[in-house]
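Protein chains: 2
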Amino acid sequence: MKELQDRIIKDGRVLPGNIVKVDGFMNHNVDIALQRRIAKEFKAHFEGREITKIMTVEASGIPLATITADEFGVPLLFAKKAKSDNIEGGLVKSEIFSYTYKKKVTLMVSAEWLSPDDKVLVVDDFMATGQALNGVCDIIGQVGAELVGVCIAIEKGFQGGGDKLREKGIDVCSLAIIEKAEPGCIEFRE
Amino acid sequence: MKELQDRIIKDGRVLPGNIVKVDGFMNHNVDIALQRRIAKEFKAHFEGREITKIMTVEASGIPLATITADEFGVPLLFAKKAKSDNIEGGLVKSEIFSYTYKKKVTLMVSAEWLSPDDKVLVVDDFMATGQALNGVCDIIGQVGAELVGVCIAIEKGFQGGGDKLREKGIDVCSLAIIEKAEPGCIEFRE
Chain W
2 MKELQDRIIK DGRVLPGNIV KVDGFMNHNV DIALQRRIAK EFKAHFEGRE ITKIMTVEAS
62 GIPLATITAD EFGVPLLFAK KAKSDNIEGG LVKSEIFSYT YKKKVTLMVS AEWLSPDDKV
122 LVVDDFMATG QALNGVCDII GQVGAELVGV CIAIEKGFQG GGDKLREKGI DVCSLAIIEK
182 AEPGCIEFRE
Chain F
2 MKELQDRIIK DGRVLPGNIV KVDGFMNHNV DIALQRRIAK EFKAHFEGRE ITKIMTVEAS
62 GIPLATITAD EFGVPLLFAK KAKSDNIEGG LVKSEIFSYT YKKKVTLMVS AEWLSPDDKV
122 LVVDDFMATG QALNGVCDII GQVGAELVGV CIAIEKGFQG GGDKLREKGI DVCSLAIIEK
182 AEPGCIEFRE
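In order, the protein sequence lines correspond to chains W and F. Sequential numbering from 2 applies to the first sequence in my numbering. Sequential numbering from 2 applies to the second sequence in my numbering.
Next up, chain W with everything else stripped away, as it sits in the complex (with noise of 0.2 Å):
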């Protein structure tokens, strides 16, 4: 997606370690309009398959989900990362390594909100191993619930999250590939 290369060129800061930085506009100060095209960008993909509901895991990549969830019509359900009074019984639990905290995170859905006839399409802003990603499918595999696909804003590609799925043979869409990421210098994947 043009659109969004662009912005990540423009708005986008590389911090050391890889660290591609766009809280400016995808996961801290969020441009909605922007994540509409997005969310339409994923529409376009998806179009003429089946979703029931849209998945994300918390916090970051909810905005662009719930953009999703407008533009597809359904549901969002988004994993949660602690336990709170809010979710009690029947956990469906996927334990990950958050790269962006650096610590182990149990991701948890309440049961009672996914069933096997689901056909679900996972969201996220950003993916770069791929962890927090894994633990939503690995739920929704649990479940017995159906993956359609995996859509992602910008997927660090030189982390190799996304290839891990693609070589699984799910459907990955992702509309920025960051092949290279250093301070001044970010190059996409043709």
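Keep in mind that the hints were calculated from the coordinates and are not lab data. Just to be clear, a hint being listed does not mean it is correct.
Same chains, same label: a pair holds when it works inside one copy or across any pair of copies.
To be verified - Derived lysine-lysine pairs resembling DSS-like cross-links, with alpha carbons at most 27 Å apart: (1) K94 / K22; (2) K120 / K22; (3) K11 / K105; (4) K120 / K11; (5) K181 / K169; (6) K165 / K11; (7) K41 / K165; (8) K103 / K82; (9) K120 / K3; (10) K3 / K105; (11) K22 / K44; (12) K104 / K165; (13) K169 / K94.
Here the structure of chain W is known, so what remains is to put chain F in place on it, guided by the hints.
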């Protein structure tokens, strides 16, 4: 908002400790079409007021805040609860006690994305004691931006958070104020 009150009666549940569980349509599995109708009520309440930014706190308020930002045509800025690689330098912070997680939490916003010129509407799915919202209002005040008002889908009136904001002269738009929450019995403020 009659539709929201009816939905709370129909699908909400009261757990021990006056916890009102609405995770089937508000803050885990999210009915996006309902969030849109809630956002339209917020829009009607603040009609004619200049709004430049919607703010909320991660994570459960993000879907409603996203749809509200979409409805107002402005960006969304969400306060983070933990330091991540994606947020650095120039932070504005406020320490709160989270009723949901039963612990102290520091809310953080990158100063870069909030300016004294901003006219901010704060949105959340739920308000009990109002700690999280007070933290966001505190951050807005620290930056010198204008707090236009506070939009809440479900307020637990008996926990006093909303009334404290009203006493300060803040325009609080709550669509369902629960005055009594006991198993099998939920009552709303007239």
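Each hint tested on the structure:
In this assembly of identical chains, K94 and K22 lie within 27 Å of each other by CA distance solely across copies; the values are 20 Å between and 29 Å within a copy. When the C-alpha separation of K120 and K22 is checked against a cutoff of 27 Å, the pair qualifies only between copies, where the shortest distance is 25 Å, while the shortest distance within a copy is 32 Å. Taking CA atoms no more than 27 Å apart as the test, K11 paired with K105 passes in neither setting, with 33 Å inside one copy and 37 Å between copies. Taking identical chains as interchangeable, the C-alpha atoms of K120 and K11 lie at most 27 Å apart only when they sit on different chains, with a minimum of 26 Å there against 36 Å within one chain.
Taking CA atoms no more than 27 Å apart as the test, K181 paired with K169 passes inside one copy only; the shortest distance there is 24 Å, against 51 Å between copies. Proximity of K165 and K11 under a CA criterion of 27 Å is satisfied in neither setting, with 29 Å inside one chain copy and 43 Å between copies. Proximity of K41 to K165 under the C-alpha cut-off of 27 Å is restricted to the intra-copy arrangement: shortest distance 25 Å within a copy versus 42 Å between copies. Within a single copy, K103 and K82 get their C-alpha atoms as close as 14 Å, and across copies as close as 15 Å, so both meet the 27 Å cut-off.
Taking CA atoms no more than 27 Å apart as the test, K120 paired with K3 passes in neither setting, with 29 Å inside one copy and 32 Å between copies. For the homomeric pair K3 and K105, neither the shortest alpha-carbon distance inside one copy (35 Å) nor that between copies (43 Å) is at most 27 Å. Proximity of K22 to K44 under the C-alpha cut-off of 27 Å is restricted to the intra-copy arrangement: shortest distance 26 Å within a copy versus 32 Å between copies. Taking CA atoms no more than 27 Å apart as the test, K104 paired with K165 passes inside one copy only; the shortest distance there is 21 Å, against 38 Å between copies.
In the homo-oligomer, the alpha carbons of K169 and K94 lie at most 27 Å apart inside one protomer (21 Å), although the nearest pairing across protomers, at 43 Å, exceeds that limit.
Of the numbered hints given earlier, the model fails hints 3, 6, 9 and 10; all others are met.
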